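Chains A and B are the protein sequences, given in the same order. Residue numbers for the first sequence follow UniProt numbering, beginning at 1 and rising by one. Residue numbers for the second sequence follow UniProt numbering, beginning at 1 and rising by one.
In case anyone wonders, no lab produced these hints; they're calculated from the structure. It should be emphasised that the depicted structure is a prediction, and the values quoted were computed from it without experimental measurement. Accuracy of the hints is not assured; some may be wrong.
Capping the alpha-carbon separation at 20 angstroms, the derived lysine to any residue pairs in SDA-like fashion look like this [to be verified]:
id, chain 1, residue 1, chain 2, residue 2
1, A, K220, A, L74
2, A, K9, B, M66
3, B, K99, A, I11
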Amino acid sequence: MHKRENQRKPILFIILSLLAVVVFFPLYITLVNSFKSYNEVVSSVAALPSAFHFGNFATVWKQLNFGGVFMNSLIITIVSVAGILMISAPAAYQFVRRPGWVSQCLFLLILSSLVIPFQTLMIPLVKVASELRLMDSIPGIIIMYWGFGIPLAVFLYHGFIKSIPRELEEAALIDGNGIAGAFFRVVLPLLKPVTTTIAILQSLWIWNDFLLPLITLSSKKNQTIPIASSVYFGQYMNEWHLAMAALTMASIPVIVFFVFMQRNIIEGITAGAVKG
Amino acid sequence: MTIKTRGRLMYTAFVAPAIIFFALVILVPFLRAIVYSFQDWDGISSNISWVGWSNYQQLLHDTAFMKSFVFTAKYVAVTTVLLNVIGLLLALGLNQAIKFRNVLRTIFFLPYVMGSVIVGFIWQFIITNLFSEIGAATGWSLFQKNWLSLPDYAFWSIVMVAVWQSVGYFMIIYLAALQGVPKDMLEAAEIDGAGYWSRMRNVVFPLIRPALTINFFLAIANGFKGFDLNYSLTGGGPFGTTQSLAYHIYTEGFGRNLFTYASSKAVVFFLILAAVTLVQSIVLKRREVEL
Numbered sequence: 001m002h003k004r005e006n007q008r009k010p011i012l013f014i015i016l017s018l019l020a021v022v023v024f025f026p027l028y029i030t031l032v033n034s035f036k037s038y039n040e041v042v043s044s045v046a047a048l049p050s051a052f053h054f055g056n057f058a059t060v061w062k063q064l065n066f067g068g069v070f071m072n073s074l075i076i077t078i079v080s081v082a083g084i085l086m087i088s089a090p091a092a093y094q095f096v097r098r099p100g101w102v103s104q105c106l107f108l109l110i111l112s113s114l115v116i117p118f119q120t121l122m123i124p125l126v127k128v129a130s131e132l133r134l135m136d137s138i139p140g141i142i143i144m145y146w147g148f149g150i151p152l153a154v155f156l157y158h159g160f161i162k163s164i165p166r167e168l169e170e171a172a173l174i175d176g177n178g179i180a181g182a183f184f185r186v187v188l189p190l191l192k193p194v195t196t197t198i199a200i201l202q203s204l205w206i207w208n209d210f211l212l213p214l215i216t217l218s219s220k221k222n223q224t225i226p227i228a229s230s231v232y233f234g235q236y237m238n239e240w241h242l243a244m245a246a247l248t249m250a251s252i253p254v255i256v257f258f259v260f261m262q263r264n265i266i267e268g269i270t271a272g273a274v275k276g
Numbered sequence: 001m002t003i004k005t006r007g008r009l010m011y012t013a014f015v016a017p018a019i020i021f022f023a024l025v026i027l028v029p030f031l032r033a034i035v036y037s038f039q040d041w042d043g044i045s046s047n048i049s050w051v052g053w054s055n056y057q058q059l060l061h062d063t064a065f066m067k068s069f070v071f072t073a074k075y076v077a078v079t080t081v082l083l084n085v086i087g088l089l090l091a092l093g094l095n096q097a098i099k100f101r102n103v104l105r106t107i108f109f110l111p112y113v114m115g116s117v118i119v120g121f122i123w124q125f126i127i128t129n130l131f132s133e134i135g136a137a138t139g140w141s142l143f144q145k146n147w148l149s150l151p152d153y154a155f156w157s158i159v160m161v162a163v164w165q166s167v168g169y170f171m172i173i174y175l176a177a178l179q180g181v182p183k184d185m186l187e188a189a190e191i192d193g194a195g196y197w198s199r200m201r202n203v204v205f206p207l208i209r210p211a212l213t214i215n216f217f218l219a220i221a222n223g224f225k226g227f228d229l230n231y232s233l234t235g236g237g238p239f240g241t242t243q244s245l246a247y248h249i250y251t252e253g254f255g256r257n258l259f260t261y262a263s264s265k266a267v268v269f270f271l272i273l274a275a276v277t278l279v280q281s282i283v284l285k286r287r288e289v290e291l
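Please put together the full structure from these sequences, using the hints given.
And the structure:
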């Protein structure tokens with residue numbers, strides 16, 4: 001019985017490996033073609049490049065102003081996520097520790113908004129955002145991400161804080177800290193695991209988000225990576241070699257992030273899915 | 001200052017920022033979407049008129065909207081089944097002691113962390129260029145067609161890319177659930193003479209039921225909200241056959257500036273997703289009681 005199952009494992013390994021090759025193949029093709037000249041791409045997609053031309057990357061870097069675009073994506077992601085964490089943790093803390101009808105109502109209101117899809121909000125959002133002068137501005141889109149990030153963050157913080165024993169904060173209060181002191185010195189450090197989960201979920205979402213920047217950031221200087229890399233897929237697109245270089249450059253940051261943070265990402269995503 | 005007012009002040013200071021940004025970005029736009037859906041307005045002029053239910057009545061006879069609804073329903077059904085079946089199979093495979101397990105897991109999961117717009121563009125290149133090359137080399141008629149210009153093939157292209165991108169995510173959740181199945185329970189079943197399938201059916205599946213429910217509803221909700229691939233892979237084409245509801249609302253609202261009419265569609269879209277979530281919470285509640 002055991003023996004038969006062990007014999008099956010090499011076959012399983014071969015099947016899964018072949019599948020992995022198939023899954024990885026599109027990424028390989030993208031990478032390979034980003035080194036080719038236009039003629040090489042047109043004559044054969046599957047062939048290897050005659051030489052590794054880095055020229056495509058230089059051209060794309062200049063045409064897209066990739067350095068600036070990358071910085072936009074980075075600033076938007078970091079400031080948005082930091083803001084979401086700083087706004088949500090204190091609110092969730094009060095909802096748990098001062099559970100009156102006010103807390104109950106506010107928490108339920110925020111929680112139930114998780115059901116609302118972005119596409120229901122986007123038309124009036126553009127209207128509200130232009131009234132508040134948040135359109136086509138990086139601080140503006142960051143503020144919008146704060147709003148959209150709050151519900152999930154408050155929900156996950158709320159669940160986690162409930163499991164922290166109250167005695168720890170009470171000890172801090174007796175030691176002469178105020179509520180704020182107890183929160184910042186005692187509670188906040190304890191929230192680290194859930195903070196990591198939230199930060200990872202929100203970073204991936206904001207970094208890869210396409211629709212919100214598409215409708216709110218119109219000028220070239222404010223573009224994010226997903227928006228900028230779609231330039232080569234416009235109506236008159238035929239510069240496949242540049243397009244592939246652009247997609248490679250667009251994918252590298254998130255793949256590097258994934259490789260270094262793999263364990264955290266997988267844990268975060270599992271926790272987020274199971275609780276969310 | 002009394003202790004009570006101090007406490008209230010502190011409460012407000014902690015809670016107010018969350019409430020302000022939440023109200024600004026979610027609550028106000030949501031209420032406005034409902035208001036717009038009963039109005040007629042082009043988004044620019046100062047002339048806004050109330051039209052009652054007429055947007056909603058018009059919507060019932062809107063063939064483009066119905067077409068996008070049918071597309072989305074079909075897409076949700078197919079992707080929900082495929083993501084769960086393939087995700088579970090991969091998880092079962094990777095739950096065995098095989099070589100390079102972690103490398104394989106990483107590769108299957110990798111597409112999920114990439115932006116879906118970028119994924120859509122990558123596959124647009126693969127399907128238009130690589131597939132025709134495969135067709136020329138092998139003579140298989142399947143690859144000699146231009147998939148993105150034929151409605152049926154375009155539909156399956158989006159399904160294929162969506163599964164390629166997200167199946168790793170479903171695999172991860174199933175894998176976590178499978179690793180939570182106690183080993184001694186499986187050994188006990190084995191000693192009792194239960195074969196592989198019997199152990200699966202009687203021990204493993206009942207224990208991973210919560211993950212199954214979560215994944216099932218996750219696939220449904222994500223399927224309904226699909227936008228990026230429709231935008232980047234097919235552009236809603238050919239002939240608008242691959243317009244998802246989300247993509248349809250986007251083109252109506254921002255392409256044709258039908259602000260108020262598109263808002264009524266957006267409200268219907270919300271109601272569909274709210275119904276899905278409601279059913280999900282009922283199912284999960286009932287499960288909790290059972291356990």
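| field | Pair hint outcome, B:K99 versus A:I11 [Cα-Cα no greater than 20 angstroms] | value | holds (11 angstroms)
| field | 20 angstroms Cα cutoff - pair A:K9, B:M66 | value | Violated. A:K9 to B:M66 sits at ~48 angstroms, over the 20 angstroms cutoff.
| message | Given the hinted pair A:K220 and A:L74, is their Cα-Cα distance within 20 angstroms? | response | Cα-Cα ~16 angstroms, so holds.
In this structure, the one hint that does not hold is number 2.
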